[in-house]
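Letter by letter, the chains look like this.
2 protein chains.
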Amino acid sequence: MNNKVTSDKSSATWVGIDWGTTNIRAYLLDASARILDKHTLARHIKDCNDDGWTTVYQTLIEGWNVTDETPVIICGMAGSKFGWVEAPYASCPAGVSDLVAKAVHPDDIENIMILPGLCCKDDRGNHDVIRGEETQLLGLFEQSSLITRLICAPGTHTKWISADNYTVRNFHTTMTGELFGLLTEHSILAQSIAKSSSSAVGAKFEDGVRMAAEGGGLLADIFKVRANSLFNELNPEDAGDFLSGILVGTDVFQEVSSLDHGLVSVPLIGPKPLSERYARALSHFGIEGIVLDAEELTIAGLASVARQMGIVETSHVA
Amino acid sequence: MNNKVTSDKSSATWVGIDWGTTNIRAYLLDASARILDKHTLARHIKDCNDDGWTTVYQTLIEGWNVTDETPVIICGMAGSKFGWVEAPYASCPAGVSDLVAKAVHPDDIENIMILPGLCCKDDRGNHDVIRGEETQLLGLFEQSSLITRLICAPGTHTKWISADNYTVRNFHTTMTGELFGLLTEHSILAQSIAKSSSSAVGAKFEDGVRMAAEGGGLLADIFKVRANSLFNELNPEDAGDFLSGILVGTDVFQEVSSLDHGLVSVPLIGPKPLSERYARALSHFGIEGIVLDAEELTIAGLASVARQMGIVETSHVA
Numbered sequence: 001m002n003n004k005v006t007s008d009k010s011s012a013t014w015v016g017i018d019w020g021t022t023n024i025r026a027y028l029l030d031a032s033a034r035i036l037d038k039h040t041l042a043r044h045i046k047d048c049n050d051d052g053w054t055t056v057y058q059t060l061i062e063g064w065n066v067t068d069e070t071p072v073i074i075c076g077m078a079g080s081k082f083g084w085v086e087a088p089y090a091s092c093p094a095g096v097s098d099l100v101a102k103a104v105h106p107d108d109i110e111n112i113m114i115l116p117g118l119c120c121k122d123d124r125g126n127h128d129v130i131r132g133e134e135t136q137l138l139g140l141f142e143q144s145s146l147i148t149r150l151i152c153a154p155g156t157h158t159k160w161i162s163a164d165n166y167t168v169r170n171f172h173t174t175m176t177g178e179l180f181g182l183l184t185e186h187s188i189l190a191q192s193i194a195k196s197s198s199s200a201v202g203a204k205f206e207d208g209v210r211m212a213a214e215g216g217g218l219l220a221d222i223f224k225v226r227a228n229s230l231f232n233e234l235n236p237e238d239a240g241d242f243l244s245g246i247l248v249g250t251d252v253f254q255e256v257s258s259l260d261h262g263l264v265s266v267p268l269i270g271p272k273p274l275s276e277r278y279a280r281a282l283s284h285f286g287i288e289g290i291v292l293d294a295e296e297l298t299i300a301g302l303a304s305v306a307r308q309m310g311i312v313e314t315s316h317v318a
Numbered sequence: 001m002n003n004k005v006t007s008d009k010s011s012a013t014w015v016g017i018d019w020g021t022t023n024i025r026a027y028l029l030d031a032s033a034r035i036l037d038k039h040t041l042a043r044h045i046k047d048c049n050d051d052g053w054t055t056v057y058q059t060l061i062e063g064w065n066v067t068d069e070t071p072v073i074i075c076g077m078a079g080s081k082f083g084w085v086e087a088p089y090a091s092c093p094a095g096v097s098d099l100v101a102k103a104v105h106p107d108d109i110e111n112i113m114i115l116p117g118l119c120c121k122d123d124r125g126n127h128d129v130i131r132g133e134e135t136q137l138l139g140l141f142e143q144s145s146l147i148t149r150l151i152c153a154p155g156t157h158t159k160w161i162s163a164d165n166y167t168v169r170n171f172h173t174t175m176t177g178e179l180f181g182l183l184t185e186h187s188i189l190a191q192s193i194a195k196s197s198s199s200a201v202g203a204k205f206e207d208g209v210r211m212a213a214e215g216g217g218l219l220a221d222i223f224k225v226r227a228n229s230l231f232n233e234l235n236p237e238d239a240g241d242f243l244s245g246i247l248v249g250t251d252v253f254q255e256v257s258s259l260d261h262g263l264v265s266v267p268l269i270g271p272k273p274l275s276e277r278y279a280r281a282l283s284h285f286g287i288e289g290i291v292l293d294a295e296e297l298t299i300a301g302l303a304s305v306a307r308q309m310g311i312v313e314t315s316h317v318a
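Listed in order, the protein sequences are those of chains A and B. Counting in the working numbering, the first sequence runs from 1 upward without gaps. Counting in the working numbering, the second sequence runs from 1 upward without gaps.
Any given hint might turn out to be false.
Same chains, same label: a pair holds when it works inside one copy or across any pair of copies.
[Unchecked claim] No more than 30 Å apart at the CA atoms, straight line, and that leaves these computed lysine-lysine pairs for DSBU-like:
hint, residue 1, residue 2
1, LYS195, LYS38
2, LYS9, LYS195
3, LYS121, LYS195
4, LYS272, LYS81
5, LYS121, LYS81
6, LYS195, LYS81
7, LYS46, LYS195
8, LYS195, LYS102
These are calculated hints, taken from the structure and not from any lab test. Keep in mind that this is a model prediction, so the values were computed, not measured.
Construct the complete structure from the given sequences, taking the supplied hints into account.
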């Protein structure tokens, strides 16, 4: 539990909670969506089921004057199938009003609402899902200075989102981050890659991106990590960076090569070190990656919902 | 140990051994490269190091009249870095004489030769390696009826080989099989895929190939296994087949889309069920996959080496 009082808590009017798979962040907010206080809790959603969701929730809001009338808006895994209560996905295209309309109340607690994730279907009838990022997208929509044609949310499962006019049109998921983990931990490549805690991007990352950009294909490119290591032309310290470059580069190449021309920049919403890797890969294709603060966007997204519900004052932007 | 006498062993003149990572197959052969007897042994190369290679070798040839003069030709992992003795890779382009020239003798035993693998470099300076398949390729070269422009050896690490005029020109490795294993065992997709022992190819395999053929990219396609499962449009029994279709389809698509036109058929050398999947994926692109017997080709390849050394009579073909 990490308590940091940033302001006078007496002006609090609502609570926003970002309930992730392993971490929960609760914000005490005022009518202008200013953060008055923040509580964070490391708790896996599996443990929430064991401990009881209400108990965990009470821990989160401890010391705050939250009554049965205080609006509490929750996004993320609390609404998943294995969460507090399932909030079935809202279908794309969707904006803030669609998310509000599909929100659910856990245990019939009227003042607590859990936002749904989003689902969509591609031309071939294949599904895709998002949960958590949809709220960050609402936050992004508040920033009118950004043209939101294509957005990227890098992560274990990277999301590529098409959006316009405050609306998520479509998206798809790539398993880039998870694949990096699988290959470095469990594959034959593991013996070529040093276990390093550094997140700094080395020169070999660029080599990986360059290889990916030539379009030889991921299935072939990744084996070069092993073969080049066998010939001592790739040392274990660089091998992880090279693989990361291949994966992120393939992800970006696949995305931008199917785009019509004219894309100038892509907002990036995700862990900063990974977003920076995506920005470097994007720059290889002449596109600027704009690294954004994911937490800030989540709060802006929760505020967008609160505004829609009349809890927060109308901004000049939206 | 599996002993099956197929003929009179007294006409034996040499021994061929396919020494794989987990399985060893030894053949007693005559001057026409006919198999007189076969011994197989399930022994990991790690265990060979513990037990002693000479001991394992003695077990393999037990009951055969093998003297210090009997030529013994070994291919495969016995020549790897962690094998009996390292046989450094021969560089492409390479044919049978190059393999013979780079063969090594373990423990200075003159009558035993271990064949090297092959290495090559692509235009960008990236390395690749083969060990074991090079002998099957020599075997394939004996079959003059096959045009050997592009050859595929499906497996944990699939090899795509360019060859002509009895010579391996170039090749590259794709991690298709290993990736299938990683994703079905360790990834988020695992919970969507039933553990099935059936190797029969279902309809969903074709769906996966079709998706891959549209070129949306592997990183995105594989997540559809999960998302379609979430919406009950893919059941656990079919999900593995769908994933297999995506992976094999991507591998084949990546290969044939970069080819100049006119490729009619591709010889396939590998485990039969997997080769059949590659054949189905190839047929989707209008190319005939010719499923070959990998063991037969290995023996033909060992015989090709034996012929080069004057141990086996010259055939009409080579």
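Going down the list of hints, with the structure as the test:
no., hint, verdict
1, LYS195 to LYS38, "neither (34 Å within a copy, 44 Å between copies)"
2, LYS9 to LYS195, "neither (44 Å within a copy, 54 Å between copies)"
3, LYS121 to LYS195, "between (39 Å within a copy, 27 Å between copies)"
4, LYS272 to LYS81, "within (28 Å within a copy, 40 Å between copies)"
5, LYS121 to LYS81, "within (20 Å within a copy, 49 Å between copies)"
6, LYS195 to LYS81, "between (34 Å within a copy, 23 Å between copies)"
7, LYS46 to LYS195, "both (28 Å within a copy, 24 Å between copies)"
8, LYS195 to LYS102, "neither (44 Å within a copy, 35 Å between copies)"
When each numbered hint is compared with the structure, violations occur for hints 1, 2 and 8.
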